[in-house]
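Protein sequence lines, in the order shown, are assigned to chains A and B.
Under the numbering used here, think of the first position of the first sequence as 1, with each following residue one higher.
Under the numbering used here, think of the first position of the second sequence as 303, with each following residue one higher.
Worth flagging that the hints you see were computed from the coordinates, not collected in a lab.
Everything hinted at is true.
Calculated pairs, DSSO-like style, for lysine-lysine (alpha carbon to alpha carbon, straight line, at most 30 Å):
#	chain 1	residue 1	chain 2	residue 2
1	B	Lys730	B	Lys695
2	B	Lys730	B	Lys414
3	A	Lys147	A	Lys175
4	B	Lys624	A	Lys223
5	B	Lys709	A	Lys81
6	A	Lys81	B	Lys624
7	B	Lys682	B	Lys315
8	B	Lys707	A	Lys81
9	A	Lys63	A	Lys27
10	A	Lys223	B	Lys464
11	A	Lys27	A	Lys251
12	B	Lys414	B	Lys453
13	B	Lys721	B	Lys682
14	B	Lys345	B	Lys315
15	A	Lys175	A	Lys251
The chain contents come next:
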Amino acid sequence: MARRPRSLLGIEHLTPDDITGLLRLAKRLHNGRPRPLLRDRRVALLFYEASTRTRTSFEYAAKALGAQTALISSQSSSIEKGESLVDTGYTLQALGAQLIVMRHPSSGAAATLSRVVDIPVVNAGDGMHEHPSQALLDAYTMIRHHKNLRGLRIAIVGDIYHSRVARSNVFLLTKFGAQVTLCGPPELLPDVATTLGKGVRITRHLDDAIRGADVVMMLRIQKERLVHRHLNLQEYIAAYQLTSERLKLAKRDALLMHPGPIVRGLELTDEVADGPQSVIREQVANGVPVRMAILATAVGVA
Amino acid sequence: MSAAHKNGSILLKGGRVVDPAQNIDAEMDVLLRDGLVAELAPKGKTRGSADESFDARGLIVAPGFIDLHVHLREPGQSHKETITTGTRAAAAGGFTSVCCMPNTDPVNDSAKITAWMLEPARGAVVNVFPLAAATLGSEGKQLTDYAALQKAGAVAVTDDGKPILDDNVMRDALRLAGSLNLPVVQHAEDTRLTAHCSMNEGATAFRLGLRGMSADAEGNVVERDVNLARQINSHLHVAHISTAAALKAVRRGKKSRARVSCEVTPHHFTLVDENVGEYNTNFKMNPPLRSAADREAILAALDDGTIDAIATDHAPHAAHEKNVEFDRAPFGITGLETALALAITRLNREHKIPLTRIVELLSTNPARIFSLRGRGSLMKGGHADVTVFDPAKRWAFEAAKSLSKSKNTPFDGWQFVGKVVATIVAGKFVHRNG
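With the hints as extra help, turn the sequences into a complete structure.
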């Protein structure tokens with residue numbers, strides 16, 4: 001990897017080489033003994049939105065590399081007093097932060113922040129836009145099981161419209177020649193979604209999406225972002241809930257993935273979530289080495 | 303703008319006079335005296351003498367441009383713009399008259415506020431024609447006192463930015479305004495469909511994870527308004543039209559003899575939604591930049607006469623207000639100083655729309671739409687409001703040098719063809735350039 005510091009705002013503008021480099025580094029960090037690549041560096045974790053997995057794994061990843069971390073969340077900081085995003089960025093930089101990891105409810109917030117600070121910004125999820133570290137850890141997980149992304153048949157099911165995970169995954173997977181099928185009702189999956197990447201296909205039928213798939217990725221309905229979209233949950237469950245029966249339509253060695261948080265009994269059943277094909281918890285675990293690679297690359301020490 | 307020209311006279315010599323209202327496109331001299339057009343004569347044939355003569359050879363001499371849609375932000379938001387700074391920017395852009403929107407703070411819904419805007423103390427350097435709110439507080443419920451507002455100087459009524467959605471209120475507004483010969487100006491947007499939206503619906507919005515406004519949210523309102531205007535036989539003016547669907551409704555209305563006119567902004571005939579790029583808030587305005595197909599429809603409508611006017615929707619915002627998350631940034635961009643250049647560069651040079659048509663869109667028609675008597679033409683006895691421009695001059699726009707108090711423009715650094723050389727209001731230079 002290049003040794004210059006740089007932001008990770010999204011997957012869309014990365015090259016396949018950038019991505020491969022990050023994933024290789026993640027693998028090295030995963031297998032080897034932790035190295036203090038970020039010794040005494042200051043990493044600010046700026047969280048404007050709730051998070052369990054992403055926040056904790058970025059924090060563990062930073063600490064595993066020897067960094068000092070500070071968590072700033074919107075509830076207990078001057079953000080509550082109305083400090084703007086730009087001013088918060090200036091403040092963190094003045095405090096000596098050498099990298100900002102940010103989660104924010106507005107699409108594009110990471111891009112906005114990166115334009116004003118001189119330190120790298122790592123996007124930990126911006127609104128409905130991108131969640132690059134999630135897509136990278138998803139790819140990492142898929143590669144561990146399926147060796148290669150090329151030609152993989154991947155179904156992404158559920159609330160695509162509101163999902164930054166879906167966008168980042170489609171950008172990443174289509175760069176490597178995976179065949180992506182998006183599945184969901186029109187309210188959550190407009191036709192325009194096919195424009196996200198090469199060869200992206202849409203189906204409204206879950207069975208159609210799952211049949212022959214190598215990976216089935218289920219998404220949560222983001223009730224907090226629904227605004228004016230009305231959705232009958234009973235109908236949704238009937239049409240789109242992943243059950244053990246339905247999962248049988250996928251290849252025998254198909255992976256069941258979910259970025260979390262899962263809502264048991266809604267997008268998937270207990271049986272599926274805890275079943276043998278589920279790699280949901282492995283995804284979470286893989287988040288740490290992948291985020292170590294992201295941080296080291298962003299700071300330019302990898 | 304010196305006192306020397308007070309009550310004085312100016313002879314504009316040898317320019318190409320383009321005055322569509324009189325069907326003139328010829329090299330002529332124009333003599334301005336005491337704030338009026340005194341003579342318009344073939345080169346060297348004016349009889350009167352002048353205190354000052356201005357060599358206009360190689361330049362276009364046009365009736366002063368009239369911007370039907372600007373936000374001057376006073377009263378209440380003078381950190382964005384004042385009537386003084388806004389009209390200075392107007393003068394630099396060749397506009398001799400600007401029509402200012404009522405979404406000030408407080409809203410211009412009373413004769414008192416309208417009159418305040420027109421006081422000499424505001425320091426306007428070009429003519430200001432306020433539009434008044436169509437309903438109290440622009441809340442869409444109770445009509446304002448149109449007769450009193452008109453008497454105070456309002457030239458039209460509108461709830462710009464807060465469209466009138468209630469059919470009955472719109473009907474009443476058209477009836478009352480119609481009885482006074484005031485146009486009702488509508489910002490056509492079904493806001494029930496556009497909550498939390500920050501750009502046009504489409505592939506770009508989807509990719510950026512931004513909620514998009516549908517073309518129907520504009521088209522449906524224009525469709526309804528055109529039907530009401532036809533039934534009531536009142537004048538409807540559609541502000542900043544931006545979609546093929548809305549243009550279709552206007553075209554149909556005009557065919558059925560409805561009294562409907564519409565304006566388009568330079569940014570809508572120049573840019574498309576893709577230009578938002580990576581969340582550049584200087585490309586965020588309402589209506590939003592639309593699809594390439596919509597822009598094509600706009601260019602066709604400029605060509606075939608469906609669109610009557612070019613208006614800037616000059617909407618200044620302070621830097622700190624725009625330098626925020628895209629979905630939290632206010633809508634609007636400045637536009638007074640780039641309108642002519644965009645019209646010439648995009649419409650004339652690229653799309654071969656003749657200069658006479660551009661003058662019609664910037665002056666002749668706007669004067670007619672808001673019934674600004676004695677303006678929009680260089681007819682003898684009319685107001686000596688003149689815009690002189692060089693249609694071939696190449697230049698680069700620098701936002702930092704803008705005379706507007708705000709610099710929120712998407713056109714910073716753009717290379718243009720066509721530049722204002724002089725702006726004359728009531729027979730006095732208010733802007734002169736090299």
